[in-house]
Structure formats: structure tokens, C-alpha cells
Amino acid sequence: MGISVNHISKSYKNVKALQDISFEVKKGELFGLIGPDGAGKTTLFRILTTLLFADEGNATVAGYDVVVEYKSIRNSVGYMPGKFSLYQDLTIEENLEFFATIFGTTIEENYDLIKDIYVQIEPFKDRRAGKLSGGMKQKLALCCALIHKPKVLFLDEPTTGVDPVSRKEFWEMLKRLQEKGITILVSTPYMDEAALCDRIALIQDGKILEIDTPEAIVEHFPKQIYNVSANNMYQLILSLNDYEHNHSVYPFGEFVHYTDSRTDFNPEELKTFLETKDLSNIHIDKTVATIEDTFMELAK
Amino acid sequence: MKRFIGFIKKEFYHIFRDKRSLFILFGMPIAQILLFGFAITNEINNVDIAILDHSKDTTTEEIINKIAASEYFSIKQIIEKESDIESIFKKGKVKAVLNFEKDFSKNLIKDNNATIQIITDATDPNTANTITNFVGSILQKYQKDLNKEITIVYQIIPESRMVYNPELKSVYMFVPGVMTIILMLVSAMMTSISITREKELGTMEILLVSPLKPFQVIIGKVFPYIFLSIINAVVIVVLSIFIFKMPVQGSLFLLGLESVLFIISSLALGILISTISASQQTAMMVSLMGLMLPVILLSGFIFPISSMPLPLQIISNIIPAKWFIIILKGIMLKGVGIQFIWKETLILLGMTVFFIALSVKKYKIRLE
Chain A
1 MGISVNHISK SYKNVKALQD ISFEVKKGEL FGLIGPDGAG KTTLFRILTT LLFADEGNAT
61 VAGYDVVVEY KSIRNSVGYM PGKFSLYQDL TIEENLEFFA TIFGTTIEEN YDLIKDIYVQ
121 IEPFKDRRAG KLSGGMKQKL ALCCALIHKP KVLFLDEPTT GVDPVSRKEF WEMLKRLQEK
181 GITILVSTPY MDEAALCDRI ALIQDGKILE IDTPEAIVEH FPKQIYNVSA NNMYQLILSL
241 NDYEHNHSVY PFGEFVHYTD SRTDFNPEEL KTFLETKDLS NIHIDKTVAT IEDTFMELAK
Chain E
1 MKRFIGFIKK EFYHIFRDKR SLFILFGMPI AQILLFGFAI TNEINNVDIA ILDHSKDTTT
61 EEIINKIAAS EYFSIKQIIE KESDIESIFK KGKVKAVLNF EKDFSKNLIK DNNATIQIIT
121 DATDPNTANT ITNFVGSILQ KYQKDLNKEI TIVYQIIPES RMVYNPELKS VYMFVPGVMT
181 IILMLVSAMM TSISITREKE LGTMEILLVS PLKPFQVIIG KVFPYIFLSI INAVVIVVLS
241 IFIFKMPVQG SLFLLGLESV LFIISSLALG ILISTISASQ QTAMMVSLMG LMLPVILLSG
301 FIFPISSMPL PLQIISNIIP AKWFIIILKG IMLKGVGIQF IWKETLILLG MTVFFIALSV
361 KKYKIRLE
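Protein chains in written order, with our numbering: chain A, 1 to 300; chain E, 1 to 368.
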């Protein structure tokens, strides 16, 4: 009774935004759609929130068909679009009150659902929404999407443009909401947030690359990854790219994530090669794959 | 119902917190009515003229006094020679010069006729024409007084009477027009802007994914503007009655009902505009170009429809404002009841129903 997506395709003129997408989200699950900008995440959200028609395929949300029973869906989901979409000239309290009223409820009735979030912005409740910081806007938007106690919550890139502390708080809130039995579909371009979901779908160019739990996705990474560092990062990347046996080279913070195309790879050999390229202070250590590595590997 | 009230409350917040829309709503009607009433006028009032009197006798003095006594003219300057006429016109000081011939009185008595030349500055043809007519009629009256004792055997006396606006006040003509323009603009432009604003800010997306039905959103959007437009209509009528002494001969109640009908038809037009425009700017341009211009040019507000070329006369029929102006003039100036304007009312009603049906049909319940 969560979300079920079957072979959904959607094109805009010449662009194929979504190609044959299928997945299931169980009731009460926190499901993440992970992918870069332009992957088709927003289009998928709009189809599921009955704002767009799919060209092919069908989908149900909370057991209702997105085309035929769109009115029932509009009654039972909460939607937070990627763009901040509240009334900038209304205060926090007025915004919340408005959304409570149009869903036929009151702030008091569902206060405990939003309490944890609302207490943080309540001191500013008479401030206009347009004058809030990014993090506060997101919290208010979440409150407004939650105020009618939705069965399914759609959050389209809720943490884009939000500072790291607020992002962390935001995800803690999502976890608490999940405990209250709300099914949550969230999209994000941040790979580190993926690990916080129950299951994730990696999506790129309108296609799903893989669907699994974050742990399983990392475990299934086919290669051993090495952290490589040296005195000159730029030179290091160039040299690794020149190395004839390289499989993948991605900068990753202060290291370069390196995988080799051979199964009997010997790090010493690489070290010798790098030394011939005038690099010094070279370290090559084994490391575990992250979701980002998986994504890069799958997207290759 | 509670949802609906909540929605309307929100709309009023929007209107009262946006200084620009407040100004358009309440500043513009007052400014326009005062502007049209005072500044833009076809009447002549205290027009400056100059006198060139070659005879300076009792008769010319009497005539000059009569002219100076009328409220239409004020004598700005007395000039002495013909050559001054040209220069005084060039300076733009006066609009007309009255040139009395030499020996005016003597000629009048001896030959039974004397000449007076009326020279007008026709850069403004309307004023020039009016001045000539007014001076003519003052002279005629004077002449009649002179000939009191003499009876002319054959005489045709035209007795003209201007009905409904005997003083030919232009404000009588402008008030219905201005009222039409303002109601149309406020209703159509403001609603179309407020709906497209929701689209632009992305809040429409959330409203769509809510249990609100399309008609609830539309009526919720439109209702505050019905209310505000009615206030505007009342302000305009009150201003024109008290400041411009505009009579309302007919029933105020009927005037109110007809105004509400016109307001609703304009609102429906506004909704229609919002369904075809994606941004506030487009909505504004479409409202201004698509509504303002035709209303000003083709509704009969400024240019009489009967003197337009046939194709334009035909086009003018599809402009709701034309019918509303006819209705307004009927009620305000002629004092007619519904039995004389039912045809226009019916046309307006038909247009309103058509616009509402079309905009409900065009209103999208999805994003595409």
C-alpha cells in the first residue's frame, strides 16, 4: 500500500525524461531516489503526485491509481516540491494555518506530528516566509506538507541549498516521521544522504541503475577500491589516468579513488609508476566502496 | 466552506500586503476619475482671447462686455494693430482674436450691417470650433436684442434642445467610460496576475496536489476581487455624483446589479487570460493590450461607434465594455429601466456565461 511504479515512461519533445521505470515502496518505508540534476527525479514525483501524465505504464500511490483515482491521492499525500513553494508574503503561522484549512484540518489536531519540527521555527512564527533562512524554509515546507497527516510523503530534493547542520536535522526528522508509519519517497543529489534511507534507487538519464538497500549496493561493488594520495593532487589524477591498467579514477576528498582492471593488482607496481611521474609522498591503501563509487561505476 | 473561507482569507492577506496591487486597486480609480473629470475635457471654460477694436464705440463696447461677462471667455489682451494678431498667436497666449472693423456702430446704423472677424487658433480644432460657435451665439443674442421692436416677416427660428446632458458636460460621457475601464482592469488584470503568480511561485503545484477542487480555487481567487470591484464601483459613482454633479436618473439598484454582472464577466476574462499565460508579466501585458486598448478605442467611450468604419463597428460588438457603457449611460443619464436595456444585459450575460464556461474548461487540473 506504499507506492508501486510499473514501467513508467515519459518524454518531453525530444528528451526522454523517464524510461521504463519500475519499483515498489513498501508501506512505512523511507525510500530514496538518488541521482544527479536532470536525472528525471522531479518528473517522476510529478507523475506520482498526479501533476503529470505518464506516456506509458501505470503507478499507484497508497493503493490509488495516479490517473483514475487522482482525487483520492490528492487527499492523502503530502508533497514538498523542489522549489520553495509557500506564500512568501504570509507568516509561518499563516502558511501553516492555510494548508491545515485547505486540507480540512487544524494545526491543533495534528500538532504532535509536526511538533518536533515546528518548535524549532515557532519562535519566528510571525515572520514572513520570504524572510526565512533556507533551513527554516525547508522546515516550514515540511510542516505544511505534514499538517494533514498524509499516508505518503513526497519530498523532492528537500535538502538542496540547505546547510550541513540543517540537513542532518532534517534527516533525523524524516526518521522520526517514518516511525509514525508514514511512507516517504525522498529524492536527493547528495550521495551521503542515501545511506540514511531504507532502500535507494540510483537513477540517471531517466533510467534506474540499481535498487537495493544502501549496504547491499555498497557490498555489491565488484572491485577493490584504493585510496591514493600524493604531494600533487592534480598531477596524481593525470598520472593515474595515464596508467594503462586503470579501471576508474575519481577524486574523492583528499584522496583519489582508484580501481584497477586486473584481478592480480599489486599496489607497489602502481607506486613505482607514480614515482616515475615525479610524485612523492605516495600512499596507496585499501578502502571500502561508497554509494558514490557505485553510482560512478554504474553510470560509466 | 471552511476551506473556502481559509482560501479567501489568504487572498486578502496577499492583496493587503502588496503595496503595488493596493495602489492599482484603490489609487488608480480615484486618479483616473479625477483626471478624466478635470483635465481631459472637451468643454471650453475661461478661454483666453484678445480684442482688436478699430472703432471703439458704444456698440463694440457692449459686445465686448457681453463676451467678457460670459464664463466661457476671458479677455487677456487688447491689441492695437493687425500685425499683432500673428505674433500673439505665435506666443500661444490666446486662442482667439476678435477683430471689429472700423466705424462698427456707424456701419451698423447706416448700412444695417457691420463685420466682426473671429480668428481662432485651429491647432486644436475642437476648441476652435467651439469658440466660433459660442461667439456666434453671443452675437446672435445681442442682435436679437437690438431688433426687438422690428418684426421680420419670414423667419425660421431653430429651437434646439440637448436632452440628457443639456450643458454638454464631457464628464457625463467620461464617467461611464472610466468606470468601465477601471472595473475591467481591476477585475481582469488583478485576477489574472494573482492566478499566474501562484503558477510562477510554484504554489499552484501544491494547490493542485490538495483536495481543493478547481472551481474552489477559481472562486476563491475571484471572490475578493468581486468584493473590491464593487467597492470601486461605489467609489466612482459617489465621486462622480458629489464632485462632478453627475446625475443618476435611473435606479441605483439596477446600476449595482448591472455592474456586478460586468465585474463577473471581466473576472471570467481574467481567469481565461491566466490559463493562457505562464507568468505575471505576460498576464499583465495581455490584460493591458488585449483589454485596455479595445475598451478605450472600440467601446464607444471616446470615439463614437457610429462614425467608425463598418468592420470596426462589427468588431465592437464583441467587446463587453461597449454594452456595459450603453447600459450605464442608459441608467445614469436617461434614467431608463430594465425594459429598455434588457437586450444589452442579455448580451453581457451571454458573454459572461461563455467566458466562465471557457475558462473552467481551460483550467488545468494538472501541470500540462
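Bear in mind the hints are in silico, worked out from the structure with no lab data behind them. Take the hints with a grain of salt, since some may be wrong.
[Stated by the list, open to error] Output of the computed footprint for chain A on chain E, the stretches with three or more beta carbons under 8 Å from beta carbons of chain A:
id	segment
1	2 to 14
2	202 to 212
[As the list claims (entries may be wrong)] What follows is a list of derived Cβ distance ranges for each label pair:
id	chain 1	residue 1	chain 2	residue 2	range
3	A	G253	E	L22	34 to 44 Å
4	E	E200	A	E275	52 to 62 Å
5	E	M308	A	E56	50 to 60 Å
6	A	K27	E	L257	49 to 59 Å
7	A	E56	E	Q216	31 to 41 Å
8	A	Q120	E	A31	24 to 34 Å
9	A	D212	E	K2	27 to 37 Å
10	A	K125	E	L22	21 to 31 Å
11	E	F215	A	K27	47 to 57 Å
12	A	R128	E	M308	23 to 33 Å
13	E	F215	A	K125	49 to 59 Å
14	A	T106	E	A31	20 to 30 Å
15	A	D212	E	K9	39 to 49 Å
[Said to hold, decoys possible] Only some residues are given here: those of chain E computed to face chain A with a beta carbon under 7 Å:
id	residue
16	R17
17	K19
18	L22
Idealized CB from N, CA, C, for every residue including glycine.
Are any of the numbered hints broken by this structure? If so, which, sorted upward? 3, 8, 9, 11, 12, 13, 14, 17 and 18
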